[in-house]
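Each step along the sequence shown adds one to the number in our numbering, with nothing skipped, and position 104 is 108.
Calculated from the structure, these hints are not laboratory results. For clarity, every value in this text was computed on a predicted model and none was experimentally measured. Yeah, the Cβ is synthetic: ideal placement off N, Cα and C, and Gly gets one too. There may be inaccurate statements among the hints.
Here are the simulated distance ranges between beta carbons [what the hints assert, rightly or not]:
| hint | residue 1 | residue 2 | range |
| --- | --- | --- | --- |
| 1 | Ser78 | Ile35 | 35 to 45 Å |
| 2 | Cys91 | Ile293 | 43 to 53 Å |
| 3 | Ile252 | Phe360 | 37 to 47 Å |
| 4 | Ser13 | Met352 | 44 to 54 Å |
| 5 | Met352 | Pro84 | 27 to 37 Å |
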Amino acid sequence: MSSNTPSGSLLGVQLGGSFAILAVGVCGSLIPYMLIRCRTSDKALLYLNAASAGILLGAAFIHMVPETTGKLDSLLGDFPLSYFLFCTGLFLMVWLARIGGHPHPHVNPSSHPDCSVCMQPSILHNAQNHGHKETIFPQASEVSVTTAATKGSLTTVSSGDALLDGAPCNCEIGQCKECDQNYFLKVDPTCEQHVHCTGADRKLFKCKQLRSVLLLLLGLSVHSFTAGLSLGFTQTVGQAVGIFLAIILHKWCETCAQSLSGIRNGLSMKANAAVTAALSLVTPVGAWIGILIQFASGTVTSPDAFDYISDALIMFVAGTFMQIIFEEILLNYVPAETVHGRDTPCSMSLRVLTMFLGFAFMCCVSVVEGIMGEE
């Protein structure tokens, strides 16, 4: 065996660490589903979403960007190519978030439905009801687009069926092919009963459920893969242990944030489990690839090419995180709460504080990584 080939003890740390990282990632993805079973799950998930925004913000500016080597900028005579890629990632995400789909009230009736009229989940308006008592609703059929101008008997809100008012109206209901949720294509101006449920009184969102989840998966996977490669390229046991601890400290945060994205965007538990499992596997796969490269070459791999690629991917991913933080997480929830008058100064302050705590946690992780790196 070549002197530069990983020793048995080093290989054991690398392989054992990769499996431990996989287990921690899977456990992190289960945290949101554990909170769903709580009696106050709507508030818990709301603040956990805010914490995930802070974690992603810290991951971008405290954890990822400072780790770049700066070699990328030297390719063009110290032109800030890395920050050009950062802005490119941001602009690309903003563009992708606004193409395709169709605008309609972005709700998820499968998670905590507490309004049998508009089917808004409690995580959006944080209340058990919002004035729909004894309200009536148009009948929606199973087809993708139906007309609510169907005559029938009067049904109360307590019924689990789609509700029908006595007088016919011309409100048209459609079913989203991406999220399978009903939404109003057209509201009859004379039908006062359905004004609240059309989303006319709150912001309309582009339906892009799976696309949004996959974009976040792509961003987190790039960072996780480069971290795994770093673990696979280590040459001493001390380096391997330090990188392993640094990864495992925040791996559960990444998978938790990814799992929250799936819940937030209406994915089924099975589909969300597949996405988070894929993210959990990325770091171990990166480590295994790094180990195989070391064995195949029989020598220490030159870090230059890896540094260039890593810097480019990290800066691009950091830019994508900005759109996810401020549009997919924060702006996606605040308007839906304030329109119903449920958002108090205390609630907003707690949400911002929770976001800051998530950011502070990533700062602490970065400090711990620095200490272990010096040792």
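Hints, verified against the model:
1. Ser78 with Ile35: 35 to 45 Å: holds (41 Å)
2. Cys91 with Ile293: 43 to 53 Å: Since Cys91 and Ile293 have Cβ atoms about 30 Å apart, the given range 43 to 53 Å is violated.
3. Ile252 with Phe360: 37 to 47 Å: violated (24 Å)
4. Ser13 with Met352: 44 to 54 Å: holds (52 Å)
5. Met352 with Pro84: 27 to 37 Å: About 36 Å separates the Cβ atoms of Met352 and Pro84, which means 27 to 37 Å holds.
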